[in-house]
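Visitor: Read off the chains here:
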Amino acid sequence: MIPAAFDYHAPTTIGEATALLTRLGDDAKVLSGGQSLIPLMKLRLASPAHVVDINGIPGLAYIREGEGFLRIGALTRESELEESELIRTRYPLLHDTSKVIADPVVRNLATVGGNLAHADPANDHPATMLASGAEVVAVGPKGERRIPIASFFTGPFATSLRPDEILTEIRIPLPAARSRGAYLKLERKVGDFATAAVAAQLTLDAGGRCEEVGIGLTNVGLTPIKAAKAEAALKGKNPDEATIKRAAELAAEASEPSADLRGSVEYKKDLVRVLTARALRKAVERAQGVTTRA
Amino acid sequence: MLVKLAINGEKHQADVEPRLLLVHMIREVLRLTVTHIGCDTTHCGACTILMDGRPVKSCTVFAVQAQGKELMTVEGLEQNGKLHPLQEGFMAEHGLQCGYCTPGMLMTSYAFLKKHPSPTEDDIRWAISGNLCRCTGYVNIVKAVQHAAVKLAGGA
Ligand SMILES: Cc1cc2nc3c(=O)[nH]c(=O)nc-3n(C[C@H](O)[C@H](O)[C@H](O)COP(=O)(O)OP(=O)(O)OC[C@H]3O[C@@H](n4cnc5c(N)ncnc54)[C@H](O)[C@@H]3O)c2cc1C
Ligand code: FES
Ligand code: FES
Numbered sequence: 001m002i003p004a005a006f007d008y009h010a011p012t013t014i015g016e017a018t019a020l021l022t023r024l025g026d027d028a029k030v031l032s033g034g035q036s037l038i039p040l041m042k043l044r045l046a047s048p049a050h051v052v053d054i055n056g057i058p059g060l061a062y063i064r065e066g067e068g069f070l071r072i073g074a075l076t077r078e079s080e081l082e083e084s085e086l087i088r089t090r091y092p093l094l095h096d097t098s099k100v101i102a103d104p105v106v107r108n109l110a111t112v113g114g115n116l117a118h119a120d121p122a123n124d125h126p127a128t129m130l131a132s133g134a135e136v137v138a139v140g141p142k143g144e145r146r147i148p149i150a151s152f153f154t155g156p157f158a159t160s161l162r163p164d165e166i167l168t169e170i171r172i173p174l175p176a177a178r179s180r181g182a183y184l185k186l187e188r189k190v191g192d193f194a195t196a197a198v199a200a201q202l203t204l205d206a207g208g209r210c211e212e213v214g215i216g217l218t219n220v221g222l223t224p225i226k227a228a229k230a231e232a233a234l235k236g237k238n239p240d241e242a243t244i245k246r247a248a249e250l251a252a253e254a255s256e257p258s259a260d261l262r263g264s265v266e267y268k269k270d271l272v273r274v275l276t277a278r279a280l281r282k283a284v285e286r287a288q289g290v291t292t293r294a
Numbered sequence: 001m002l003v004k005l006a007i008n009g010e011k012h013q014a015d016v017e018p019r020l021l022l023v024h025m026i027r028e029v030l031r032l033t034v035t036h037i038g039c040d041t042t043h044c045g046a047c048t049i050l051m052d053g054r055p056v057k058s059c060t061v062f063a064v065q066a067q068g069k070e071l072m073t074v075e076g077l078e079q080n081g082k083l084h085p086l087q088e089g090f091m092a093e094h095g096l097q098c099g100y101c102t103p104g105m106l107m108t109s110y111a112f113l114k115k116h117p118s119p120t121e122d123d124i125r126w127a128i129s130g131n132l133c134r135c136t137g138y139v140n141i142v143k144a145v146q147h148a149a150v151k152l153a154g155g156a
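In the order they appear, the protein sequences are chains A and B. Here the first sequence is numbered in our numbering, starting from 1 and rising by one per residue. Here the second sequence is numbered in our numbering, starting from 1 and rising by one per residue.
Heads up, a few of these hints could be off.
Quick list of in silico lysine to aspartate or glutamate cross-link-like pairs, DMTMM-like style, CA-CA up to 25 angstroms [stated by the list, open to error]: (1) Lys-99(A) x Glu-17(B); (2) Lys-69(B) x Asp-120(A); (3) Lys-29(A) x Asp-40(B); (4) Lys-42(A) x Glu-28(B); (5) Lys-114(B) x Glu-85(A); (6) Lys-115(B) x Glu-80(A); (7) Lys-115(B) x Glu-85(A); (8) Lys-69(B) x Glu-80(A); (9) Lys-189(A) x Asp-40(B); (10) Lys-115(B) x Asp-7(A); (11) Lys-189(A) x Glu-121(B); (12) Lys-29(A) x Glu-17(B); (13) Lys-114(B) x Glu-82(A); (14) Lys-99(A) x Asp-52(B); (15) Lys-282(A) x Asp-52(B); (16) Lys-99(A) x Glu-121(B); (17) Lys-99(A) x Glu-28(B); (18) Lys-114(B) x Glu-80(A); (19) Lys-189(A) x Asp-122(B); (20) Lys-282(A) x Asp-122(B); (21) Lys-69(B) x Asp-7(A); (22) Lys-11(B) x Glu-78(B); (23) Lys-42(A) x Glu-17(B); (24) Lys-69(B) x Glu-16(A); (25) Lys-189(A) x Asp-123(B).
Keep in mind that the hints were calculated from the coordinates and are not lab data.
So here's chain A without its partners, still in its complex pose (with noise of 0.2 angstroms):
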């Protein structure tokens, strides 16, 4: 299959990316790890007359804390963060996704923004960071704003970037000391996407109440899904399996699957609930061996 003809672009700068993203404007793509783009490309369900390849950017790949934040460079690879250490002991919630996605030769090249950029209902990521609380930093001709995530999906395939905008980094806030996560995903096979999926990140305090609560669900709606009455149900109270399963029926309630392939709306929809228990007690459980170890 071969892709519509199109100018490609190779900025060493920020600054120069987003002159050509502004000069082009919707004639353009910005090329990340390609792994979404190139095969829309070459079915032609996209044929941008200019792609705007930022692999040559310099400092956009980087896993690091500080500031109060985790921050992960927009081009950091999937791989990057499956191999990475800090994330692995520190952020378990990421650490499961980034297993999960695509398969290890994709993930040599896709990117965690290009995930969150490309906004497909199917991503990982999305419901990862939607559980995490994160926040993007796009960069546009007018300088760098923070968008936080739960308003940044606003249609399948849609974002809140502007066409002259790049996402530059994700930032995560630095998870307090029994704060942890789970990502649960069902899949037909190593690289398809999820028949559905959810993420669930926890912070438990000295009692051992959740105090704070992130619940995502993967492609069981036209966008990833912010489950926050199955979040407000936990919030406050003792996760005991009584409030675990109510969460998990309220966030199988928020889930608005379609049919096909993967399964019918009523196994997609009992799936979540399944799924969100088990990450729910996945993640209590982490966040309590934090304490033990501690």
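Based on the hints, put chain B with the ligands in the right spot on chain A.
Guide: This is chain B with the ligands only, laid out in the frame that chain A set:
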């Protein structure tokens, strides 16, 4: 657009259209035809090559993105007329039947063994999970990689 790159240690350059996929440049412009095109949809991994040491699916990279990069394909495995232990492993353990997936399997496992010299079976199965084989059922591919791991570690 002029693309300059190194492939299996040799420098090449070619004037290509930006839309040319890297796999087509490798096969049709540079005439290195061991790398296969299978699905052409980023699923099968038959087109896997190494770009700066990491396995990537070359049907999902534009040739212009390889500007200044070091690439490696199966043609670079054999040294001084001697097959690489992985190639020997695939022969000895019957790691292939039709051979369509083999170039990708070889490159993925080559990069994997550099990072994980003594892998478990689970590690190997994880590593090749982005490379599909419709013939072998994977059992002998796993054995072939194990064979190479032992050889590379200096064993029999
Ligand atoms: C076989 C296969 C299986 C897959 N399975 C999964 C899966 O299970 N789960 C999953 O989550 N994903 C999956 N993916 C998608 C993969 O993770 C994508 O690579 C990812 O969604 C997009 O990241 P990218 O860096 O490749 O982005 P690109 O393909 O380069 O870009 C995607 C879109 O985002 C825009 N964009 C990219 N970066 C930026 C930026 N920094 N600023 C502004 N706009 C930007 C581009 O213009 C484009 O519109 C799969 C892909 C393949 C090929
Ligand atoms: S041909 Fe590239 S993944 Fe199948
Ligand atoms: S040997 Fe035929 S596809 Fe693997």
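Visitor: If a hint holds in the structure, say so; if it doesn't, say that too.
Guide: Hints, one by one, checked against the model:
no. : hint                    : result
1   : Lys-99(A) x Glu-17(B)   : violated (35 angstroms)
2   : Lys-69(B) x Asp-120(A)  : violated (30 angstroms)
3   : Lys-29(A) x Asp-40(B)   : holds (22 angstroms)
4   : Lys-42(A) x Glu-28(B)   : holds (18 angstroms)
5   : Lys-114(B) x Glu-85(A)  : holds (19 angstroms)
6   : Lys-115(B) x Glu-80(A)  : holds (14 angstroms)
7   : Lys-115(B) x Glu-85(A)  : holds (15 angstroms)
8   : Lys-69(B) x Glu-80(A)   : holds (19 angstroms)
9   : Lys-189(A) x Asp-40(B)  : holds (19 angstroms)
10  : Lys-115(B) x Asp-7(A)   : violated (37 angstroms)
11  : Lys-189(A) x Glu-121(B) : holds (18 angstroms)
12  : Lys-29(A) x Glu-17(B)   : holds (17 angstroms)
13  : Lys-114(B) x Glu-82(A)  : holds (17 angstroms)
14  : Lys-99(A) x Asp-52(B)   : holds (22 angstroms)
15  : Lys-282(A) x Asp-52(B)  : violated (37 angstroms)
16  : Lys-99(A) x Glu-121(B)  : holds (18 angstroms)
17  : Lys-99(A) x Glu-28(B)   : violated (35 angstroms)
18  : Lys-114(B) x Glu-80(A)  : holds (16 angstroms)
19  : Lys-189(A) x Asp-122(B) : holds (16 angstroms)
20  : Lys-282(A) x Asp-122(B) : holds (23 angstroms)
21  : Lys-69(B) x Asp-7(A)    : holds (21 angstroms)
22  : Lys-11(B) x Glu-78(B)   : holds (18 angstroms)
23  : Lys-42(A) x Glu-17(B)   : holds (15 angstroms)
24  : Lys-69(B) x Glu-16(A)   : holds (22 angstroms)
25  : Lys-189(A) x Asp-123(B) : holds (17 angstroms)
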